[in-house]
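Undergrad: Position 38 (the sequence shown) corresponds to 38 in full-length UniProt numbering; numbering is contiguous.
It is possible that part of the hints are untrue.
Said to hold, decoys possible - What follows is a set of in silico ranges between Cβ atoms, one per label pair, in the way DEER data are often shown:
1. 88 - 51: 18 to 28 Å
2. 98 - 52: 37 to 47 Å
3. 33 - 113: 28 to 38 Å
4. 108 - 68: 13 to 23 Å
5. 53 - 115: 36 to 46 Å
6. 72 - 112: 19 to 29 Å
7. 110 - 43: 15 to 25 Å
8. 88 - 113: 35 to 45 Å
9. 115 - 36: 15 to 25 Å
10. 114 - 84: 32 to 42 Å
11. 30 - 115: 32 to 42 Å
Calculated from the structure, these hints are not laboratory results. Keep in mind that this is a model prediction, so the values were computed, not measured. Just so you know, even glycine gets a beta-carbon here, dropped at the ideal spot from N, CA and C.
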Amino acid sequence: MKKLIILSLLLSVTGYAEEKRLSLSIDAPEYKQSNKHNSLNYNSRVRFLVIHYTSSNWQRSLELLTLPEHEVSSHYLIPESFDETYNEQDLAVYELVNENDRAWHAGKSKWEDRENIND
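Work the whole structure out from these sequences, hints included.
TA: Now the structure itself:
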């Protein structure tokens, strides 16, 4: 499931797919997946996939998305390779909330005719 979601994200970003043959080419460093940092801010029932950007650096984003007092989270956090606050040797995709659980990342939100995207 995780690989399918990541592949879907990559396809939506690149916008390149052929009818019978799929080709994906991204000039980016290799990454590994990590669930070393887990957020306590979640509940069940996933209905939407929300992709957004945080303007904070890696360390601050990790704090905002994992500490209970912030009451916000995301399923994944992907650091930028040039972020000086990211001290790992290899780039990784960090799973903060299990995909079977609902992250608290949309806040007060609306998409088309649906309000409160977290529910």
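Undergrad: Indicate, hint by hint, whether the structure satisfies it.
TA: Hint by hint, here is what the structure shows:
In this structure the supplied range 18 to 28 Å holds for residue 88 paired with residue 51, their Cβ-Cβ distance being about 22 Å. The hint said 37 to 47 Å for the Cβ distance between residue 98 and residue 52, and at roughly 19 Å that hint is violated. At about 35 Å, the beta-carbon gap between residue 33 and residue 113 stays in the expected band of 28 to 38 Å. Hint check: residue 108 to residue 68, Cβ distance near 19 Å, so the stated range 13 to 23 Å holds.
In this structure, residue 53 and residue 115 break the distance hint of 36 to 46 Å, their C-beta atoms being roughly 22 Å apart. For residue 72 and residue 112, the Cβ-Cβ distance of about 23 Å falls inside the hinted range of 19 to 29 Å, so the restraint holds. As the Cβ distance of residue 110 to residue 43 is approximately 20 Å, the hint placing it in 15 to 25 Å holds. For residue 88 and residue 113, the hinted distance range of 35 to 45 Å is satisfied, since their beta carbons lie about 42 Å from each other.
Checking the proposed 15 to 25 Å range against residue 115 and residue 36 shows it is violated: the Cβ atoms sit about 34 Å from each other. Take residue 114 and residue 84: their Cβ atoms lie about 39 Å apart, and the range 32 to 42 Å holds. Residue 30 and residue 115 have their C-beta atoms about 40 Å apart, which keeps the hinted 32 to 42 Å range intact.
Taken one by one, the earlier hints fail for this structure at numbers 2, 5, 9, listed in ascending order.
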